[in-house]
Each structure stands twice: as C-alpha cells, then as structure tokens.
Amino acid sequence: MRIQARNIKKRFGHFQALDGVSFDSGDNRLIGLLGPSGGGKTTLLRILAGLETPDEGDILFDGRRVNDVPPQKREIGFVFQSYALFRHMSVFDNIAFGLTVQKRSKAEIRERVEYLLDLTGLKGLEKRLPHQLSGGQKQRVAFARALAPEPKLLLLDEPFAAIDAKVRKELRKWLKAMINEVGITTIFVTHDQEEAVEVADEIIIVSQGHIEQQGTPIDIYLRPRTPFVASFMGETHFIADISGLKGFAQLGRGFKAAIRPEFVEIGKKGELPVQVAETGVVRQVVFRGKDWHVEVQVGENLIAGYRPVDADPLKPGEEVLVLIRKLHVIDENRCATVDNLGLVAMNAV
Amino acid sequence: MKQFKQRSILPGFGLTMGFTLLYLGLIVLIPLSTVILKAAGSTWQEFLATVTAARVIASFRVSLLTSLAAALINVVFGFIVAWVLVRYTFPGKRLIDGLIDLPFALPTAVAGIALTSIYSQNGWIGRLFDPLGVKIAFTPLGIVIALVFIGLPFVVRTVQPVLQELQSDVEEAAVLMGAKRRLIFRKVLFPELLPALITGFALAFSRAIGEYGSVVFISGNMPMRTEIVPLLIMTKLEQFDYVGATAIALVMLLISFLLLLVINLLQWRTHRRLTAE
Amino acid sequence: MAGYVTHLPSSADAAERPAHLNESSAVRRLLIGIALLFVGLVLVLPLLTVIVEALERGFKVYLASITEKDARSAIRLTLLVAAISVPLNTIFGICAAWAIAKFNFRGKNLLITLIDLPFSVSPVIAGLIFVLLFGAQGWLGPWLQAHDIKIVFALPGIVLATLFVTFPFVARELIPVMQAQGNEEEEAAATMGAGGWRIFWKITVPNVKWGILYGVILCNARAMGEFGAVSVVSGHIRGQTNTMPLHVEILYNEYQFTAAFAVASLLALLALITLAVKSFMEWKQWSAAAAAEQGGVHLAHPGTEH
Chain W
20 MRIQARNIKK RFGHFQALDG VSFDSGDNRL IGLLGPSGGG KTTLLRILAG LETPDEGDIL
80 FDGRRVNDVP PQKREIGFVF QSYALFRHMS VFDNIAFGLT VQKRSKAEIR ERVEYLLDLT
140 GLKGLEKRLP HQLSGGQKQR VAFARALAPE PKLLLLDEPF AAIDAKVRKE LRKWLKAMIN
200 EVGITTIFVT HDQEEAVEVA DEIIIVSQGH IEQQGTPIDI YLRPRTPFVA SFMGETHFIA
260 DISGLKGFAQ LGRGFKAAIR PEFVEIGKKG ELPVQVAETG VVRQVVFRGK DWHVEVQVGE
320 NLIAGYRPVD ADPLKPGEEV LVLIRKLHVI DENRCATVDN LGLVAMNAV
Chain H
35 MKQFKQRSIL PGFGLTMGFT LLYLGLIVLI PLSTVILKAA GSTWQEFLAT VTAARVIASF
95 RVSLLTSLAA ALINVVFGFI VAWVLVRYTF PGKRLIDGLI DLPFALPTAV AGIALTSIYS
155 QNGWIGRLFD PLGVKIAFTP LGIVIALVFI GLPFVVRTVQ PVLQELQSDV EEAAVLMGAK
215 RRLIFRKVLF PELLPALITG FALAFSRAIG EYGSVVFISG NMPMRTEIVP LLIMTKLEQF
275 DYVGATAIAL VMLLISFLLL LVINLLQWRT HRRLTAE
Chain R
34 MAGYVTHLPS SADAAERPAH LNESSAVRRL LIGIALLFVG LVLVLPLLTV IVEALERGFK
94 VYLASITEKD ARSAIRLTLL VAAISVPLNT IFGICAAWAI AKFNFRGKNL LITLIDLPFS
154 VSPVIAGLIF VLLFGAQGWL GPWLQAHDIK IVFALPGIVL ATLFVTFPFV ARELIPVMQA
214 QGNEEEEAAA TMGAGGWRIF WKITVPNVKW GILYGVILCN ARAMGEFGAV SVVSGHIRGQ
274 TNTMPLHVEI LYNEYQFTAA FAVASLLALL ALITLAVKSF MEWKQWSAAA AAEQGGVHLA
334 HPGTEH
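Chains as they are written, first to last, in the numbering used here: chain W, 20 to 368; chain H, 35 to 311; chain R, 34 to 339.
These aren't lab readings, by the way, just hints derived from the structure by calculation.
Worth double-checking, as some hints may not be accurate.
Taking lysine to any residue and the SDA-like style, the derived pairs with C-alpha atoms no more than 20 Å apart in a straight line are [as the list claims (entries may be wrong)]:
#1 W:Lys265 / W:Asn366
#2 R:Lys141 / H:Leu295
#3 W:Lys125 / R:Ile124
#4 W:Lys122 / R:Glu56
#5 W:Lys188 / W:His150
#6 H:Lys214 / R:Glu56
#7 H:Lys169 / H:Pro257
For the chain W half of the interface with chain H, some residues (derived, Cβ under 10 Å), not all of them [stated by the list, open to error]:
#8 Ala68
#9 Glu71
#10 Thr72
#11 Gly76
Backbone N, C-alpha and C define an ideal beta-carbon position, used for all residues, glycine too.
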C-alpha cells in the first residue's frame with residue numbers, strides 16, 4: 020500500500036507537534052520513522068492510524084483520502100510501545116480478537132491463530148495470560164494480534180524500546196524476516212538509529228515536527244542533507260573551519276564541517292600518505308572489542324577514528340597521522356558531502 | 035478554534051457526558067440550589083437575624099469546637115495507628131487493618147446508640163467516671179467521642195498510603211550519616227507525612243461538622259450546650275421554620291464547600307509534588 | 034478527588050523492618066499498645082456493645098424483635114431503597130468515569146469536584162433540600178398536591194435523599210482506576226475494528242470489575258445505613274416510611290433498648306460483611322498485581338524461548 024501525507028499539522032495545547040509534514044512512501048515496504056524523542060514521530064504514526072486527527076493536511080492510502088475514516092475501518096494493524104495486550108485474555112484470545120470482530124467462523128479463527136502462533140514462535144503459550152509472559156513474548160503476541168485480521172498496513176510504535184539489549188538484536192532480525200515473509204507495508208517508529216538503519220528499506224528522519232530527510236539508509240548515512248541529519252546519524256565530530264585541513268583547503272575559509280570516524284583513518288608515521296594526512300597527537304584510546312576508538316588532537320580540533328583490533332596499539336601522547344577521506348560541510352540548513360580532494364587527485368594519477 | 039474536547043476515537047462521549055450532566059443536575063445541583071434560592075427569598079436583615087441568634091451561634095460553637103477537638107485527637111492517634119499498621123508486625127494486624135473502615139460502613143444511628151450506651155452513667159465506661167463526677171454522655175465530651183469514631187478512618191486511610199510509599203533509602207542515607215532515630219523522624223519522615231496529616235485532619239473535620247446520626251443520641255441535644263448545628267436545622271424543620279432552617283443550612287454549606295476546596299487544593303498540591311519528583 | 038482512599042496494597046505480609054530502620058523494641062511495644070488500646074476503645078467496644086445489648090434478654094427476644102411487623106417493614110423498605118439507588122448510582126458512576134477517564138475536556142476538574150459535593154454536605158441538609166423542593170411548602174409542592182403525588186414522606190423522597198447521599202461512591206472508586214489504566218487497550222481494540230459497545234464490555238469492564246464491585250459494596254452499605262437525610266424526608270410513619278436506621282431510633286427513643294439493638298445488630302452485621310468483602314477484594318487485587326510482577330521477570334534466552 021502506498022502511504023502519502025500532505026502538509027500535516029498537529030498541535031497539542033501550545034506545543035506544535037507536527038508543522039507541515041509531507042512524505043510519500045512510494046513502493047517501499049519497510050519504512051522507519053527515525054528521530055529524537057518528542058520530535059513528532061509517534062504523533063505522525065498515530066495520525067496515520069486514525070488515533071489522532073490532524074489539524075490540517077491529508078492522509079492518503081493508495082491515493083484515497085482517509086482523514087475521515089475511523090481507525091476501525093482503516094484496515095491497519097498497530098503495535099503499541101507497551102504492547103497494550105488485553106490483560107485478562109489469554110494469548111489465544113488476544114490474537115483472535117480482530118478475527119472475532121470480523122465475525123469469522125470458529126474454525127477459521129482457530130486455523131489463523133495457530134498459523135500466527137507458529138509464525139511468531141509462540142506455540143505452546145496459547146493459554147497464558149499476558150502477565151505470565153516475558154517482554155519479548157509479549158511483543159510477539161502484540162505483533163501476531165495486529166497481523167491476525169490481515170491488515171493492509173502495519174504500524175509499530177517503538178517496538179523494541181522496552182526490551183533488553185541482547186534480545187533486541189535478535190528480535191530486530193526476526194521482525195525484518197517476518198515482515199518480508201508476510202509481505203505487508205510497515206511503518207515503524209524508533210529513536211535508535213542503528214535499528215532504523217538495520218531494519219528499514221527507507222528512512223524518514225523527523226525532528227521538531229519537521230521531516231529532515233527521506234532516503235535509503237545508505238543515502239542518509241553517506242549523504243546527509245541537513246546538519247541535523249549529519250549529527251544525528253553515527254558519531255560526529257565538528258570542525259569549526261576546514262580551511263586548515265589538507266585536501267580541503269581549496270574550499271575556502273570559514274566552512275564548518277561534521278566528520279565521521281568511519282571516514283577517518285589513523286596511522287603511525289609511514290602508514291599513511293603525508294601529503295594528504297594531518298599530523299596530530301593521540302588524546303584518548305578506548306578498546307571497544309570490535310575495534311579501537313582513537314581520539315586525536317589535530318591543531319585546534321578533536322577528531323576521532325577507528326583502528327582495527329589487531330593493528331599496533333596507540334598510546335596517548337603519541338604522534339600520529341590522520342587521513343580524512345570525506346566530511347560533511349554544513350551551514351545553517353544545508354549539508355554537503357565533500358571528498359578529500361587531495362586524495363582524489365592522488366588516486367587519479 | 036479552541037475545541038471543547040479533543041476528537042477522540044473512543045466512542046460514547048456524548049452519551050456518557052450527557053447522562054452524567056443530566057443526572058448530576060437532577061440529583062445534586064438543582065436540589066442544592068433550593069437552599070440558595072430559598073435563603074435569597076428572605077431579606078439580608080432577616081437572614082442575619084436568624085443566623086446570629088444566640089442559640090444558633092451557640093450551636094455553631096458546639097459543632098466547630100467539638101469537631102476541631104475530635105479531628106485533633108484523630109490526627110494524633112490516627113497517625114500512631116497508621117504508623118503501627120504500616121511499619122510494625124504484630125498478631126491481629128490484618129484484622130485491625132480491616133476494622134479501620136468500620137465507621138465508614140456502619141450506619142451512624144447504630145454507632146450513635148452504641149456509644150450512648152457505653153458512655154451513659156451506667157454504661158461500661160460511663161460508670162467508671164461517674165464516681166469522679168465526670169459525665170460523658172450528654173455533654174460536649176460525649177460529642178467529641180462520637181466524632182472521633184466518625185473521623186478515625188479519614189486520618190488513617192490518608193496517611194497509610196503515604197507511609198507505604200516512603201522509600202527506605204532516604205532513611206538509610208540519614209542513618210549512615212549518624213542520625214539518631216528521633217532526628218530522622220523529625221527531619222526526614224515527618225515532613226513527608228505532614229501534608230497527608232493536614233489533609234486527613236481537614237477531611238475528618240469536614241465530616242465531623244456535618245455529622246448527625248452518631249451525635250444526636252449521645253449529645254442530649256440541650257440548646258446552647260450540646261446542640262449541634264444539624265440538629266438545630268432538624269428542629270427548625272419540625273417547627274416548620276423553613277426560612278430559619280434554610281438560613282442556617284446555607285451557612286453550613288458555605289463552610290463545607292470552603293473545606294472541600296481546601297481539601298482539593300491540598301491534595302492537588304501533594305499530588306503535584308509527588309509526581310514532579 | 035477529595036478524600037477517602039479506599040484501597041491500598043496490603044502491607045500485612047511485610048516482614049519486620051531491619052533494626053537500623055526501626056524504633057527500639059520498647060518504643061514499638063508502646064506504640065502498638067497505644068494503637069491497640071485506641072482502636073479497641075473507639076472501634077471494637079461499640080461493635081461489642083451492639084451484640085451484647087442485642088442478646089441481653091436472650092435469643093428468643095432477639096428473634097422476636099427482628100421479626101416483628103414494623104421491623105419487617107423497615108427491613109423491606111431498606112432493601113427496596115438500596116435496590117433502587119445502588120444500580121442507578123452505579124450506572125451513573127460508570128458513565129461519569131468513562132467520560133472523565135477516557136476523554137480530555139475543559140472543566141474536567143470542576144466536574145470531579147461537583148461529583149464530590151454530596152460527600153461534604155451534611156446529611157440533614159441533604160434531606161432538607163428535597164423537602165424544599167418537593168415538600169408541601171416547597172417549589173413543586175402545590176403542583177404535586179394537585180396531582181396527588183407524594184414524594185416527601187413517601188418512598189420516592191427516601192430514594193431521592195439516598196441517591197444524593199450515595200451519589201459519589203461508585204464514581205470516585207472507578208475514576209482513579211480507569212485513569213490509571215489508560216486508553217491503550219481500548220485504542221488497540223479500535224484499530225482491530227471493534228466498535229463502542231464491544232470495546233466497553235469486552236475490554237474496559239473486565240479490567241475495572243474490582244473497582245465497580247468496591248464502589249457498589251460501599252454504596253450499598255451507605256444506602257442501607259443512611260440516617261440523617263432519610264430522617265428529614267421520611268416523616269417517620271411507622272410501618273410505612275421507616276427504614277431500618279429510623280426504626281432503630283424510634284425503638285431507642287421509646288426505651289425499647291434491646292429491640293433497638295437487635296435491629297441495629299442486623300445493620301452491624303451488614304457492615305461487617307461489607308468490610309469482609311472489601312478485604313477479600315483488596316487481597317485479590319494485591320495478589321493479582323504481585324503475580325503480574327513476578328510473571329514479568331521471565332528470563333529471555335534467544336533460541337529457547339524469547
């Protein structure tokens with residue numbers, strides 16, 4: 020199903036939660052609404068569900084305006100952050116609820132619920148009550164329940180927020196596989212960018228009631244279009260003036276930039292080409308299991324990079340070379356990705 | 035456009051709100067308004083004359099003073115009861131805990147005759163004090179005892195939840211810093227409990243001044259001495275002095291509503307303090 | 034809402050506090066002693082009195098007192114009044130709680146305060162207002178007389194006064210319960226296509242059933258035991274407009290003490306049953322909550338069961 024939002028505005032009291040939000044899901048299947056808390060993403064999701072009504076703007080499902088369609092009739096499945104399982108009903112009855120509303124026969128209901136129990140790995144738990152389940156189990160019941168009535172659109176509100184870190188990773192993979200198997204258009208809300216990047220086909224970044232950028236995870240990561248997106252994704256360090264950096268001087272004075280550690284190489288003397296690498300002094304070295312996180316003082320700036328686990332360890336105070344492959348130049352509203360021109364020139368030869 | 039209510043997807047607002055307002059109006063608001071309208075029927079002078087008659091003022095004095103005394107007694111002992119129920123273990127605790135609500139569940143007339151029986155001259159307790167020349171029933175003292183009975187659950191049930199919610203880590207921090215038990219109580223625990231005590235006091239007081247059934251038997255209803263305001267209203271009604279009864283009722287209502295506002299404000303403030311933390 | 038908190042998590046099973054967080058044993062014993070003495074004097078003694086005085090002249094006299102004709106009328110009237118007022122106030126309580134807990138609107142706090150009003154009005158005044166409204170000299174008096182309708186000094190008046198006095202009970206139990214539970218389960222049901230009545234009966238009611246029962250029990254106890262308001266409105270006509278509390282008063286004023294206490298003992302029994310049911314429901318609620326907390330601490334192991 021294709022979801023379009025046109026100029027959605029919503030205010031709560033004096034707080035403008037959404038200030039003219041528009042997007043088009045295209046034919047993407049798994050869309051992540053990503054952004055900091057309070058940015059408006061849950062509000063947007065609830066408006067899509069019909070649980071809130073926008074002050075202005077239109078919502079279209081497959082080209083059809085659904086503003087006046089009540090949630091009962093929108094054919095959506097919604098998974099709440101706190102699952103909202105019916106606490107006095109068994110797992111079976113919870114999942115069967117939507118089917119009961121649709122007045123399906125008992126045999127049909129039984130068949131579908133058993134299919135979903137199987138699909139979500141909940142077999143054997145049919146008779147349990149919600150308070151007898153773990154967080155991960157509750158989440159899967161909520162998911163099965165939302166899917167049971169065969170909705171056309173699935174909406175998930177921070178589905179993994181309440182789950183332990185280790186279980187979260189497993190569930191993420193499971194969810195993505197499940198959604199692809201069932202084949203349903205899904206929009207989920209999260210503030211965890213690692214999650215959005217891993218799970219979604221398309222990410223929409225929402226902050227302070229506006230859409231900052233919409234694109235594939237790679238797009239958003241490599242080509243942020245606003246300063247907010249540049250600083251929100253991954254770890255970022257800021258440089259006040261890049262004209263002092265080798266390979267970027269041609270751009271002129273006074274440009275600010277955001278630098279990602281992924282695009283920074285740190286090496287001992289001789290490991291990196293001196294023409295395009297800066298010299299700096301190591302400030303801090305942290306072993307993270309998967310790599311070394313190294314912070315280097317380059318002139319006035321503090322720049323971070325990663326070093327492979329089995330490389331020669333660095334020590335604070337050591338002199339090193341820092342190669343910046345690319346950075347994101349930012350001003351008030353815009354962001355542009357720039358490659359290290361010296362490096363480009365060097366490789367062209 | 036400022037909306038009266040946010041459009042919600044849950045149904046039934048119109049129906050339930052409509053019935054609520056209708057029922058509220060019919061059973062509560064319209065009947066209550068009769069007092070104001072009837073009182074408005076007499077002139078200001080008539081009203082003042084009625085309300086400042088010696089007997090009326092005496093009845094207010096009796097009602098207010100006995101209620102005050104009873105509420106204070108309840109604050110002290112109710113606090114001890116709540117403390118003991120929350121913090122200590124002893125046999126029969128659950129039974130006592132359940133009994134606290136007795137004044138709330140027991141009809142006031144039953145309480146009234148039982149208390150009169152106990153405290154009259156040859157009652158179980160009355161006869162202990164009679165040789166000392168102390169009469170309890172048919173004196174303001176008897177009224178106070180009846181009002182203590184009525185008000186007890188209000189203090190205990192207001193303080194109990196607050197006591198229960200108190201985290202022990204604050205106490206532990208004080209202990210580790212060397213504070214003695216008395217100091218901890220005074221500086222750490224009591225300030226937390228004070229709002230609840232004040233609220234409980236206000237509730238007990240408010241209930242006491244309007245109390246009729248449990249007091250009317252034990253007080254003896256002697257005008258100027260043990261006649262409480264509700265009884266005075268009743269007497270005036272029996273004499274068909276509607277104007278007089280209404281005037282006094284209006285003053286009572288004003289006092290009650292004032293207390294209600296104060297109580298609501300107190301509870302709102304405590305709730306805000308606790309949830310902001 | 035103003036005042037009376039009626040349910041608490043049970044503290045009865047808590048273990049003794051550690052010594053460094055507790056008063057000395059001597060102080061404890063003193064305080065427990067004071068508390069027990071106070072409760073014994075103020076609460077237990079009156080209860081005992083009722084039983085002892087009722088049975089003072091033997092069981093046969095007791096039975097005769099409560100089966101005597103006027104006593105039976107009083108019992109019937111009391112039950113009838115309760116049977117009318119409690120369901121009405123329950124329906125009101127549910128409607129008010131639904132409107133207040135599930136929706137946002139301006140003036141909500143004012144509405145809650147208004148619902149609390151009857152709680153703070155003296156019972157005598159509660160009776161007075163209906164006399165002013167429906168009495169012979171009241172607003173509607175002449176009209177009622179013209180149509181030969183009796184409200185004051187008859188059943189309708191008693192019911193109205195009882196409705197007023199027990200008005201807030203169910204509402205003030207339900208409102209915090211519904212507010213604490215939030216709207217999410219109802220919203221979830223709506224997204225799955227459930228309409229209003231289904232949401233109400235299948236989702237909301239099962240979740241608040243203890244709250245409803247609480248409120249009904251308390252409302253009933255007060256309805257049957259109301260004295261002051263009914264006293265004003267009933268006219269004290271023996272055998273016809275006397276409820277049980279009024280009958281107790283009449284017997285007592287005629288110095289028929291044993292009979293008075295006999296009828297009173299029935300009301301006291303009702304009070305004890307009310308307290309017992311209330312305790313039972315609190316215990317049920319508490320143990321359900323405890324089970325929920327324990328159940329949530331399942332260990333999740335990927336691969337075995339999440």
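Each hint, compared with the structure:
Proposed proximity of W:Lys265 and W:Asn366 is supported: the alpha carbons are some 15 Å apart, at most 20 Å. Taken as a hint, the R:Lys141 and H:Leu295 pair is honoured in the structure, with Cα atoms around 15 Å apart against an allowance of 20 Å. A threshold of 20 Å between alpha carbons decides the hint, and for W:Lys125 with R:Ile124 the separation of about 34 Å lies outside it, so the pair is violated. With a CA separation close to 63 Å, the supplied pair W:Lys122 and R:Glu56 exceeds the 20 Å bound.
Pair hint W:Lys188 plus W:His150 does not hold up; C-alpha atoms about 23 Å apart against a cutoff of 20 Å. Distance check on the hinted pair: H:Lys214 and R:Glu56 sit about 10 Å apart at the alpha-carbon level, within 20 Å; holds. For the proposed pair H:Lys169 and H:Pro257, the alpha carbon gap of about 18 Å is at most 20 Å, so the pair holds. Taken as an interface hint, W:Ala68 checks out: its beta carbon lies about 9 Å from the nearest beta carbon of chain H, inside 10 Å.
Checking W:Glu71 against chain H: minimum C-beta separation of about 8 Å stays under 10 Å; hint holds. The interface hint given for W:Thr72 is met, as the beta carbon of that residue sits about 5 Å from the closest beta carbon of chain H, less than 10 Å. Here the hint on W:Gly76 is broken, as its CB sits about 15 Å from the closest CB of chain H, past 10 Å.
Consistency note: the structure conflicts with the earlier hints numbered 3, 4, 5, 11.
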